[in-house]
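Student: Chains as they are written, first to last, in the numbering used here: chain A, 1 to 118; chain B, 1001 to 1118; chain C, 2001 to 2080; chain D, 3001 to 3080.
What the hints contain is simulated information worked out from the structure, not anything from laboratory work.
Quantities reported herein were computed from a predicted structural model and do not represent experimental measurements.
Watch out, some of these pointers could steer you wrong.
[Claimed, not checked] Pairwise CB distance ranges, derived in the manner of DEER restraints:
#	chain 1	residue 1	chain 2	residue 2	range
1	B	1070	A	28	32 to 38 angstroms
2	A	70	B	1082	16 to 22 angstroms
3	C	2039	B	1021	36 to 42 angstroms
4	D	3066	B	1049	54 to 60 angstroms
5	B	1049	A	46	32 to 38 angstroms
6	B	1070	A	46	27 to 33 angstroms
[Said to hold, decoys possible] Restricting the straight-line Cα-Cα distance to at most 25 angstroms, the calculated cross-link-like pairs of lysine to any residue (SDA-like) are:
#	chain 1	residue 1	chain 2	residue 2
7	A	55	B	1117
8	C	2012	B	1110
9	A	104	D	3032
10	A	42	D	3069
11	B	1104	B	1051
12	C	2012	C	2061
13	A	104	D	3034
14	D	3012	D	3032
15	A	23	B	1037
16	A	104	A	55
17	D	3012	A	25
18	A	55	A	33
19	C	2034	B	1059
20	B	1104	B	1071
21	A	26	A	107
22	B	1023	C	2047
23	B	1042	A	82
24	B	1055	B	1070
25	A	26	A	63
26	D	3034	D	3013
27	C	2034	C	2047
28	C	2012	B	1108
29	D	3012	D	3022
30	D	3012	A	98
31	B	1042	C	2057
32	A	96	B	1082
33	A	42	D	3054
34	B	1104	C	2056
35	D	3034	D	3068
36	A	26	D	3016
37	A	20	D	3048
38	B	1020	B	1111
39	D	3012	A	112
40	A	22	B	1051
Cβ atoms here follow ideal geometry from the backbone N, Cα and C, with glycine treated the same way.
Letter by letter, the chains look like this.
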Amino acid sequence: MSAESGGIDVFIGTVRNQTKGKKVLKLDFEAYEPMAISEMYKIAARAFERWPVQKILIHHRTGLLQVGEVPVIIAVSAAHRDAAFEACRYIIDTLKQTVPIWKKESFEDGDVWVAAHP
Amino acid sequence: MSAESGGIDVFIGTVRNQTKGKKVLKLDFEAYEPMAISEMYKIAARAFERWPVQKILIHHRTGLLQVGEVPVIIAVSAAHRDAAFEACRYIIDTLKQTVPIWKKESFEDGDVWVAAHP
Amino acid sequence: MKINVLAFGVAKDIFGSGEVSLEMSNDATIYNLKYLLEQQYPRLKQLSSYMVAVNNEYALPGDTIHERDEVAIIPPVSGG
Amino acid sequence: MKINVLAFGVAKDIFGSGEVSLEMSNDATIYNLKYLLEQQYPRLKQLSSYMVAVNNEYALPGDTIHERDEVAIIPPVSGG
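Looking at chain A on its own, in the form it has when it is part of the complex (with noise of 0.2 angstroms):
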């Protein structure tokens, strides 16, 4: 945060307890990290180009994780609040799209790669 912002949007993912209401046990993420970072760093050059915004944290956790933990933060800062909140949007919408993290879902029965099969 510098002196010139006037607000922050930050998104905080959390591991939930259900899929589909499937209870979920754990997930485990696995990324290509090199790859992983430098997409990264793609969309928040993108966001920079598009909004007024001051500065861009993008984290993602890898690993096994619990419900209620936090595999993903993304905080955006600006002089005004409009930018921030578009431009957090933005960016989780577009990690989800194109970062190469995966997601094993552990159920009762069974684990699964999420959005691997039709």
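Start from chain A and add chains B, C and D according to the hints.
Tutor: Below, chains B, C and D without anything else, positioned relative to chain A:
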């Protein structure tokens, strides 16, 4: 945050060091406290009606704040991030329109109640 | 009846006090109250706008004020 | 040329390994690579989709692969 939560959107308002190019030294917030609290409850109730959100926090400080300090925090948790983002945005936008809190900006050449005069 | 009017923000500066007292008829409306106040404190008319709250709710011009109501002048808000 | 292919997520399960080696001609494209992999690992075709990255960038089907390129199979991502 609850175990059903999939995301939290947090808006953190900060005191900026300038308004329309003029250096802000500090801010003084005054509230009509019982009505401000009642209006915040109304805003939260309307957000719960309009979006499938789980928990809402609305915090506002009063008194003297320095540049960089945080007058307002809004946090909204939801199973899905769309609802969290939209409700958070709605709450801060509406708070700024309806909650009886007033901000006096101190500049080098005097104090001004924000938005009081045309 | 005697009505106490709370003032906040710039209205407190205009009244020179956080609370003023007015003598009004029993069927007085918000409209009547604003008229009276603007007679006594003409600087109120220079505000971009202002609302009146009765018992912690925004009131409409035609609403009637009752004795012991908590009445407050709400200049343009600027929280957040 | 010999191309090493990194695999992540469900692709790692399908390959039974985080890295496999393929022998390809020097002018091989992403399209050729996907064809070869799908011959050897037919379960790849059951994925809802998958991309190929070359040197940490998403590649197009017509892009050519060069020796020592870092090639990776990117099944549908699900971070966040």
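Student: A separate judgement is required for each hint: does it hold in the structure or not?
Tutor: Evaluated hints:
Checked against the hint of 32 to 38 angstroms, the C-beta distance between residue 1070 (chain B) and residue 28 (chain A) comes to roughly 36 angstroms, which is consistent with it. Distance hint for residue 70 (chain A) and residue 1082 (chain B): a CB-CB separation of about 19 angstroms, consistent with the stated range 16 to 22 angstroms. Against the hinted window of 36 to 42 angstroms, the Cβ-Cβ separation of residue 2039 (chain C) and residue 1021 (chain B) comes to about 38 angstroms, which satisfies the hint. Take residue 3066 (chain D) and residue 1049 (chain B): their Cβ atoms lie about 58 angstroms apart, and the range 54 to 60 angstroms holds.
Taking the beta carbon of each, residue 1049 (chain B) and residue 46 (chain A) are about 35 angstroms apart, inside 32 to 38 angstroms as hinted. A beta carbon spacing of about 28 angstroms between residue 1070 (chain B) and residue 46 (chain A) agrees with the range 27 to 33 angstroms that was offered as a hint. A threshold of 25 angstroms between alpha carbons decides the hint, and for residue 55 (chain A) with residue 1117 (chain B) the separation of about 33 angstroms lies outside it, so the pair is violated. Under the criterion of a C-alpha separation no larger than 25 angstroms, the hint pairing residue 2012 (chain C) with residue 1110 (chain B) is consistent with the structure, at around 17 angstroms.
Between residue 104 (chain A) and residue 3032 (chain D), the direct Cα distance comes to roughly 29 angstroms. Violation of the 25 angstroms bound is thereby established for this hinted pair. Taking the CA atoms of residue 42 (chain A) and residue 3069 (chain D), the gap is about 21 angstroms. The hint holds against a cut of 25 angstroms. The straight-line distance between the Cα atoms of residue 1104 (chain B) and residue 1051 (chain B) is roughly 34 angstroms, outside the 25 angstroms bound, and the hint therefore fails. At roughly 21 angstroms between alpha-carbon atoms, residue 2012 (chain C) and residue 2061 (chain C) fall within 25 angstroms of each other, so this suggested pair holds.
Restraint check for residue 104 (chain A) and residue 3034 (chain D): the C-alpha separation of about 24 angstroms stays at or below 25 angstroms, so the hint holds. Of the pairs offered as hints, the one joining residue 3012 (chain D) and residue 3032 (chain D) holds, with about 20 angstroms between alpha carbons and a cut-off of 25 angstroms not exceeded. Straight-line distance between C-alpha atoms of residue 23 (chain A) and residue 1037 (chain B) comes to about 38 angstroms, which puts the hinted pair past the 25 angstroms bound. In summary, the hint linking residue 104 (chain A) to residue 55 (chain A) is not supported, as the alpha carbons are separated by about 31 angstroms, beyond the 25 angstroms threshold.
Pair hint residue 3012 (chain D) plus residue 25 (chain A) holds up; C-alpha atoms about 22 angstroms apart against a cutoff of 25 angstroms. Distance restraint check for residue 55 (chain A) and residue 33 (chain A): the Cα-Cα separation of roughly 22 angstroms lies within the 25 angstroms cut-off, and the hinted pair is therefore satisfied. Using a Cα cut-off of 25 angstroms, the hinted pair residue 2034 (chain C) and residue 1059 (chain B) is violated, with the two alpha carbons roughly 32 angstroms apart. With a CA separation close to 13 angstroms, the supplied pair residue 1104 (chain B) and residue 1071 (chain B) stays within the 25 angstroms bound.
Taking the CA atoms of residue 26 (chain A) and residue 107 (chain A), the gap is about 8 angstroms. The hint holds against a cut of 25 angstroms. This hinted pair checks out: residue 1023 (chain B) and residue 2047 (chain C) have alpha carbons roughly 24 angstroms apart, not beyond 25 angstroms. Distance hint between residue 1042 (chain B) and residue 82 (chain A) is fulfilled; the C-alpha atoms sit about 23 angstroms from each other, no more than 25 angstroms. Straight-line distance between C-alpha atoms of residue 1055 (chain B) and residue 1070 (chain B) comes to about 21 angstroms, which keeps the hinted pair within the 25 angstroms bound.
For the given pair, residue 26 (chain A) sits about 10 angstroms from residue 63 (chain A) by alpha-carbon distance, which is consistent with the 25 angstroms threshold. Proximity of residue 3034 (chain D) to residue 3013 (chain D) is assessed by CA-CA distance (about 17 angstroms); at most 25 angstroms being required, the pair is judged to hold. As the CA atoms of residue 2034 (chain C) and residue 2047 (chain C) are separated by approximately 13 angstroms, the hinted pair is consistent with the 25 angstroms bound. About 22 angstroms separates the Cα atoms of residue 2012 (chain C) and residue 1108 (chain B), which keeps this hinted pair within 25 angstroms; it holds.
For the proposed pair residue 3012 (chain D) and residue 3022 (chain D), the alpha carbon gap of about 15 angstroms is at most 25 angstroms, so the pair holds. Between the alpha carbons of residue 3012 (chain D) and residue 98 (chain A) the distance comes to roughly 19 angstroms, so the proposed pair stays at or under 25 angstroms and holds. For the hint pairing residue 1042 (chain B) with residue 2057 (chain C), the CA-to-CA distance comes to about 11 angstroms; that is within 25 angstroms, so the pair holds. With a C-alpha separation of about 13 angstroms, the suggested pair residue 96 (chain A) and residue 1082 (chain B) falls inside the 25 angstroms cut-off, and the hint holds.
Proximity of residue 42 (chain A) to residue 3054 (chain D) is assessed by CA-CA distance (about 16 angstroms); at most 25 angstroms being required, the pair is judged to hold. Distance restraint check for residue 1104 (chain B) and residue 2056 (chain C): the Cα-Cα separation of roughly 22 angstroms lies within the 25 angstroms cut-off, and the hinted pair is therefore satisfied. Distance hint between residue 3034 (chain D) and residue 3068 (chain D) is fulfilled; the C-alpha atoms sit about 18 angstroms from each other, no more than 25 angstroms. As the CA atoms of residue 26 (chain A) and residue 3016 (chain D) are separated by approximately 23 angstroms, the hinted pair is consistent with the 25 angstroms bound.
Distance check on the hinted pair: residue 20 (chain A) and residue 3048 (chain D) sit about 19 angstroms apart at the alpha-carbon level, within 25 angstroms; holds. Our distance criterion of 25 angstroms between C-alpha atoms is met by residue 1020 (chain B) and residue 1111 (chain B), whose separation comes to about 15 angstroms. Of the supplied pair hints, the one linking residue 3012 (chain D) and residue 112 (chain A) holds, its CA atoms being roughly 13 angstroms apart against a limit of 25 angstroms. Proposed proximity of residue 22 (chain A) and residue 1051 (chain B) is supported: the alpha carbons are some 23 angstroms apart, at most 25 angstroms.
Figure legend: structure checked against the earlier numbered hints; hints not met, in rising order: 7, 9, 11, 15, 16 and 19.
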